[in-house]
Amino acid sequence: MIERDELMKRFQINNPARSSEVDDVSSKIFIPNDYLSFLRVSNGLSSLGRISLLEVEDLFERNVDYEVGEYLPGYLMIGDDGGGVAILMDKHGLIFENDMGTMMQETMVKSAESLEQLLIDFNGLTVSER
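Here the numbering used here is used: the first residue of the sequence shown is 1, the next is one more, and so on.
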């Protein structure tokens with residue numbers, strides 16, 4: 001589990017998401033357990049020059065706008081790198097990257113074994129930045 005203190009050393013974090021907001025969004029789209037756990041620690045996060053992770057209130061709209069459910073069923077866009085690369089999580093908690101303009105499974109790149117690995121071990125750096 002990701003510790004709030006560890007995140008604070010590396011990123012600008014937010015207060016935990018409110019349960020009512022998480023329940024509302026979870027009733028509309030599937031949110032993997034690992035991202036639900038993250039939202040209980042910080043409702044999204046940001047960093048200069050690295051990734052940003054979505055707040056719970058933005059998850060539904062972002063995934064609908066980019067038609068993630070249609071083109072990448074079983075995945076949830078949880079953020080981006082600020083340069084056109086989506087950060088996605090599958091139902092098992094694996095992290096992938098994909099160009100936001102293509103959204104095809106064939107173009108996805110595995111980024112990390114978990115959100116914790118991406119944020120703590122890789123300091124939020126995408127594959128191309130490591």
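Because the hints were derived from the structure by calculation, they are not lab data. It is possible that part of the hints are untrue.
Heads up, simulated EDC-like pairs for lysine to aspartate or glutamate below, C-alpha to C-alpha not over 20 angstroms straight-line [stated by the list, open to error]:
id, residue 1, residue 2
1, K91, D24
2, K110, D99
3, K28, E61
Now for the hints, and whether the structure bears them out:
1. K91 with D24: holds (19 angstroms)
2. K110 with D99: holds (12 angstroms)
3. K28 with E61: holds (10 angstroms)
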